[in-house]
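*Asks:* Below, each chain spelled out in residue letters.
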Amino acid sequence: MNTQTKTLFIPKFATLMQWVQSHRVFASVLLLSVFPWLTPNQSVAINVLIYGLYALGFNLLFGYMGMLSFGHAAFLGVGAYTAGILIAQYHLQWWIAIPSAMAVSSVVALVMGLLAIRTRGIYFAMVTLALSQCVYFLVYQFPASGGENGLRGVNVPEVVLPGLTLDLLNPTVKYYFFLVFVALALWVVSRILASPFGGVVEAVRENEARTRACGFDVERTKLLTFVLSGAFCGLAGALNAIHLSSVPIETLHYETSGLVVMICLLGGMGSFLGPFVGAALFLMIQDVFSIWTEHWQLYVGIIFIIFVLFFPKGVWGTILEKLNVH
Amino acid sequence: MNIIRKWAHAFCAAASLSTSVAYAQIPPIKIGLPVPLTGPYGAEAKDQVKNAELAVKEFNDAGGLNGRKAELLVRDDKLNPGEAATRALELIEKDKANFIVGGLSAATQLAINNVTKQRKVIYISISQSDVINESSDFSRYTFHEALNPHMTTQAVGHYAFKKGMRIAFLTADYAYGQEMTRGFTRVAKEMGAEVVGELKHPLGSSDYSTFLPRLQALKPDILVFNNFGRDNQVSIKQATDFGMKKSMKFVTPIMTYTSRLAAGPHVYEGVVGGTSYFWSIEDKTASAKTFNDQYKASNDGVYPSDYGSMAYSAVKSLLAAVKTAGTADTEKVADALASLKYDTYKGQQYYRACDHQSVQSVLIIESNSKEARNPADVFKVLQVVSGSEKLLRECTELGFK
Amino acid sequence: MDGITAQLLGLQIFTGLALGAIYVLLAVGLSLIFGMLTVVNFAHGAFFMVGAYAGYSLYQIFPNFWICLIGVPVITGAIGLLVERFLVRPLYGRGIDYPLLLTFGLAYVMVELVRMGYGKQGLPFDTPAALQDSVDVFVGQFPAYRIFVIVVTAIILVGLWFFIEKTSFGLIIRAGARDPSIVRILGIDITKVWLIVFGLGTGIAGLAGVLSAPLQGITPEMGGSVLIISFVVTVVGGMGSLVGAVIAGLLVGVVESLAVLFFPEGAKVSMFVIMALVLLVKPQGLFGRSGLMS
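Chains as they are written, first to last, in this note's numbering: chain A, 14 to 339; chain B, 488 to 888; chain C, 1409 to 1702.
Keep in mind that the hints are not guaranteed to be accurate.
Distance ranges between label pairs, derived from CB positions [as the list claims (entries may be wrong)]:
id, chain 1, residue 1, chain 2, residue 2, range
1, C, Ser1465, B, Lys776, 53 to 63 Å
2, B, Ala549, A, Leu174, 32 to 42 Å
3, A, Gln106, B, Val789, 49 to 59 Å
4, B, Lys877, C, Asp1534, 16 to 26 Å
5, C, Asp1534, B, Lys706, 39 to 49 Å
6, B, Lys736, A, Gln106, 54 to 64 Å
7, B, Lys649, C, Asp1534, 50 to 60 Å
8, C, Asp1534, A, Arg218, 47 to 57 Å
Computed footprint of chain A on chain C; a stretch qualifies when at least three of its residues, placed anywhere within it, have a C-beta under 8 Å from a C-beta of chain A [said to hold, decoys possible]:
id, segment
9, 1563-1570
10, 1577-1591
11, 1614-1624
12, 1679-1693
Keep in mind the hints are simulated off the structure, nothing from the lab. Keep in mind the model is a prediction, meaning the values are calculated, not measured. Glycine residues also receive a C-beta, built at the ideal position from the N, C-alpha and C atoms.
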C-alpha cells in the first residue's frame, strides 16, 4: 500500500472508530452478537462474555477510578454461590436467583469497601486481597457450599418466558440469553460513566485532592463505585454458575482476582470495550495454545511480556491511541 | 473491527487445524479425555493419556465397531473444576464427543459429571471420590472406574490395624482427606483400635513442622497420612526428618508410583499403603501380564502406573460395552456398561447397580527401601484384597432407596 | 485440645520461628525491590523456585551443600540482573501496573521452562548429612536443619544491615529509596543502583529457595504458593522496610504455628487476618512510611 492510499484509508477507519466510541453500547452489543460465529466454539464465547462482564465491573473501579483491587474474586464468587445455592438447594427460579446474587455481592462490597477505603495504593490492593481471602475461607467452611468439591446441581435446563421457552442446553441460545444481561450491564455502565457521577469518578482518579477541594464527597464516591463494581461482578458470577451448572471454590481464590487484573491490563483499562477485548484475548490464547501444546504456559507468558513491553495501554487502548480517538 | 476479525479468523483457522480430521464416511466414536496436563498432577495425567491411547489402539486394531474406529480427544483441564466443566461442554457441543472419560481430582470429576449428566452423555471418572457415588451426584450416565476412599480405607485399614492399637491421623482438609479419615475411623472402630487424635492441615501445605510435634505427643502406634501427591510426599518426608519413624508405623491410603519416584526411597521406606494396581501382580493375573506386555511394547519397556492403568481400564471397558451394545448410542451403551463383567487388567470387575461404582480388588503395598536395580521395582505387593461389595458402603447409606 | 503443655507451646513457637525465617528472607528481597524500584515483583516466587532447582543442579556437579548455598544466590542474582536490564527497565515511568504484569508473565515463562527442563513431577532433595539429626533445644527435640536455616537467615540479615547502614553503596540505596531524583542530580547513576538492588533481591529469593529445598523437596509449582505469603509479609511489615519484613515474617510464622494448636482449619487464613487487622489500624503496614507508593 503506498502512502497515498494509506492516508485515504485511515481517516475512514478513524471515523468509524469515532462512531464506535460515541455509540459504544450499541457497537459493543453488535460486536458481541456476532462474536460466537468468530470463535472456535460457543463455550469459549460464553466464557468471554462472563469474564468480560467480570472485567467490566472491575474496570469501573480500576480503570475509571484508578483503584487497584486484588479482591474482586469475592464478588464474583459470592454472586456465583448465592445464585447457585438458591437454584440448586432452594429450587428458586433464575429471575429470583440472579438479582439476589447481585444484591448479596453488593452488600459484601459495601462491607469490604467500608473497611478498605481508608487505605490507598498497594495497601488498598492488599487489604482487598486479605478480605477476599477471608471470604474464601468462610465460604469454604460453610457446609452448603460443598467446600473443595464445589457446588453442583445448578441446573437451569430451560428458561420459560411468556410465549417462549429457551433451551439453555443449546450453547447458542445460552449465549444470547446471557448477552441480554451483558447488554443491559453495558448500557447501565455507560449511563453511569456519562453521568455527572461518572465525571467525579474520573476526577478522583486524576487528582483526588483537587476533587475534594471542589467540594465532592470523595469517600462516598469511592464507596459507591466499589459497590457498583461488586454488583456487576456478582452478576457475572451468577451467570457463570448457570453456565457451568456448578460453582468451583476456585472462583473465590486470589488467582481469580489476579486474572481479572491481567485481563483489564491486557485489554486496556479505562476504555469501554477494553475488558471484553482483554477477556477474549486471554481466554482464546489460552484455549488455542492448550490444544496445540502442553507447554502453553510458556507461550502465554511470552505473549504477556510482549504485550506489556509494546502495548502499554493494553490492546484496545493502543488501538484507540494509534487512531487518535478519545 | 478489521483487526479483531483478522485475529478471530486466525484463531479459527488455528483451532480447526488442530482438531483431528474426521474419517471420510462414518464419524469415529469420539471419547473425550479431560485431564490435568498442566499442574501438579501433570505426570499422572500424561500416563493416563498414554494408557487411554493404548486402549483405543487395541480397539481399532481389532476392527473397531464393524469397521468404525474410536478416537481419543485429549484436553487439558488444568486441575480446575471450572476449566474441566468448560472442556466437557466444548467436547460435547463442538467436538460432538460420544463419551467422556477423565478427571483427576474429586472437584473436577464432579464438575464434569454435572455437565455430562444434564446432556445425557456417559462419563467414566478415573480418580478417587466418595461423593460421586452418592445419590445427589449420581445419574444413569455416571460411572466410577477408580477406587473410592471407602474401599481403599477398608482394605488398608483391615490390613494394618490390630485390636488395641493407637491410631493418629494427619488429614488434608478437603474431601479426599476427610473421606479417608472417615473410612479409617470406621475400620478402627470395627477392629477395636483406638483413634487417639486427628490433625487437619490445609491442602497444599509445604510445611508440616507445626503439626508433627503435636502428633508425636499423641504417641500413636500408627500414623496415617490422609493426603495425596505432593502433600503426601512432603509430610512423610518431614515426619521422617523429625525421626518419627522410630516410634510409629507410617500408613497412607494411596501410595502412588509418581510420589514414590519424586520423593525417593529414603522417604517412603517402611511406609505401607494401598493402590489400585501394581505391575507385579502379573504373575498371578493373566490380564495383567497381557496388559503389561502391550503397554511396554508401545512405551519403550516402561511398566504402566497406577493412575495410568485406570484410564486404560475405563476406555477399554467402555469400548467393550460399545461392542456388546453394537452401537455408540448412549442409552444402549449405558445399559451394556451397567451390566458388563470385564477383566481389563487386574481381574474381574463390574459396576454395582445402585451407584455404578466399579467393584475391584485393592492392593496393599510397601515401598522398597533400596534404590532398586530396575526403577519399576519400587513397591512390593503385600496382599491383594479381592473385589467385593463388602468393601463398599451400603446403597442406602449413599442415599439410594 | 488436651495436652497442650508449656513444652509443646515452646516447641511450636520454635517451629514458627524456623518457618518465619524463610518468610523473612523472601519478604526482605521483595521489600528491597519494591522499596527501591517500586516494582511489584510477581516473579519473586519463580526466582525462589529457580533457586531450588539451581541448587539441585549445582549439587549434581559439586556434591557439597555449602557450595550450593553460595552458588545459588549468584545464579539467581545474575538472572535477576538480566531481567531488570532488559525487561523491567523499559517500563520505568509507566506506573506500577506494568512491571507487575510483566513479572506475572515472566513467572509463567520461568515455571514452564523449568518444567520442560526438569520434568513436571518434582525432584527429591535430601537434607545434607551433617544436619540430619535432631538437637535438644530445651523444649524438646528439634531438627538441626531448621536451626541451620534460622542461623543462615540471621547471618544474611546482619550482613544486609551492615551493607545498607554502614557502606557508601548502602547509603546510596537509602537515599535512592527516599528520593531518586535528588540522587540523580548528585551525579549517581540511579539505574545502576536499581539493577544491583534487583539482583540482590532475586539472589536472596534464590537462597531462600535452596534453603527450603531439603524441607519440602522441589517442584515447579513451589514458587506459586510462596509468592502470596511473601506479599502478605512484606505488606504487613511495610513496603520498603527491612525491619518490618523481619518482624512481620517472624510474626506470621509464629502465629501460623500457634494457630495449628488452637484452630488448625484457620492456620492458612491466619496470615490474611493479620494483614487485614494490621492494615486497618496502620494503613502503611507496621513500619511503612506513608506516602511511599500510595
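*Asks:* If a hint holds in the structure, say so; if it doesn't, say that too.
*Replies:* A quick look at each hint next to the structure:
Evaluation of the 53 to 63 Å hint for Ser1465(C) and Lys776(B) yields a failure: the beta carbon distance comes to about 40 Å. Checked against the hint of 32 to 42 Å, the C-beta distance between Ala549(B) and Leu174(A) comes to roughly 51 Å, which is inconsistent with it. Between Gln106(A) and Val789(B) the CB atoms are about 54 Å apart, so this pair conforms to the stated range of 49 to 59 Å. About 42 Å separates the C-beta atoms of Lys877(B) and Asp1534(C), a value inconsistent with the hinted range of 16 to 26 Å.
Distance hint check for Asp1534(C) and Lys706(B): the Cβ-Cβ separation is about 28 Å, which falls outside the suggested range of 39 to 49 Å. Under the hint 54 to 64 Å, the C-beta atoms of Lys736(B) and Gln106(A), about 55 Å apart, fit the expected range. Judged by the Cβ atoms, the range 50 to 60 Å given for Lys649(B) and Asp1534(C) is violated: they are separated by roughly 33 Å. Remark: the range hint 47 to 57 Å for Asp1534(C) to Arg218(A) is upheld by a beta-carbon distance near 54 Å.
Under the rule that three or more residues need a Cβ within less than 8 Å of chain A, the assignment of the segment 1563-1570 of chain C is violated, with 0 such residues. Check on the segment 1577-1591 of chain C: 0 of its residues sit with their Cβ under 8 Å from a Cβ of chain A, so the three-residue criterion for coverage is violated. Beta-carbon proximity to chain A at under 8 Å applies to 0 residues in the segment 1614-1624 of chain C; the threshold of 3 is not reached and the given coverage is violated. Interface restraint, the segment 1679-1693 of chain C with chain A: holds (9 residues with C-beta to C-beta distance below 8 Å; minimum three).
Checked against the numbered hints given earlier, the structure breaks hints 1, 2, 4, 5, 7, 9, 10 and 11 and satisfies all the rest.
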